[in-house]
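Please build the complete structure, drawing on both the sequences and the hints.
Position one of the sequence shown corresponds to residue 1 (UniProt numbering), numbered consecutively onward.
Note that these hints are calculated values from the structure, not bench results. C-beta: ideal position from N, C-alpha, C; glycine also. Treat each hint with caution, since some may be false.
To be verified - The calculated label-pair distances, taken between Cβ atoms and stated as ranges, are:
1) A172 with I92: 39 to 49 angstroms
2) D193 with E96: 45 to 55 angstroms
3) E96 with K70: 25 to 35 angstroms
4) A30 with R134: 47 to 57 angstroms
5) T121 with K44: 21 to 31 angstroms
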Amino acid sequence: MFKIGDFSKLTRVSVRMLRYYDEVGLFNPAKIDDFTGYRYYSAKQISDINLVMPLRDMSFNVADIAVFMKEKSEEKLEDILKVKGQEIENNIRAEEIRLEKINAAIKDMKKERVNMSYNVTLKSLPSYKVISLRNVIPTYEAEGMLWIRLGEYVIKKNIHCNNIAYSTYHDAGYKEGEVDAEVVVGVDNLMKDEDGFTFKETEAVDQAAIILVPGDYSNVAEAYNFLANWIEENGYIMIGNPRQVAIKGPCNEKRTEDYLSEIQIPVKK
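This is the structure:
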């Protein structure tokens, strides 16, 4: 079982929305502690919330989503998508973006689905000497602005870096905006902090569950789902913020299909 904050991090659905979905009966936690009232979620629920969120993004109301979630029928999903598509066509240009999402969802639904499988490894993560830049950014997609600033500073100061580089987030759960993000690069020597750039030694991690994710960054959500199920099924619990390491990315690959990311989640029995 995962606490609501940890479940929020794994699914990138805010704690506020998870509580709201519970209150309206759309998506309930697997367990609520009788004494503390804390909500706990199962990894098996990730696939369900991943069905809810795209429909919410398309502006379907809670009642329609509840009908689909009850039946979980592809025919029912296609029916309600087509109805929304007709509404968007009536609104013409103002609703073009939503119409594209509907048509794309119908197209994707008809494709043969390929279930990706990953090899999970357990290993310790040593302490690293790093330079980091931590700031609040508008959205998760804006992380690139931190990497640009960090890269420019490293070049300006002629700092010798190694191949350690990852990003992490410090919020209690997934947020829809104002994200507390940190980007980290390994260095040979620690220097004096300045202008928001921090030199430090990271804490070693005794044990982390790790998978490699090939291809476009859109594959990462499915990889988190897989790893969350593995953690739960093998009797581990999550004890720290996930790290996402770009082994191959925009800096050294032109094609997104050649990207290679590594997800690291600190765990213990």
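Hints versus structure:
no. : hint                              : verdict
1   : A172 with I92: 39 to 49 angstroms : holds, 42 angstroms
2   : D193 with E96: 45 to 55 angstroms : holds, 48 angstroms
3   : E96 with K70: 25 to 35 angstroms  : holds, 31 angstroms
4   : A30 with R134: 47 to 57 angstroms : violated, 33 angstroms
5   : T121 with K44: 21 to 31 angstroms : holds, 23 angstroms
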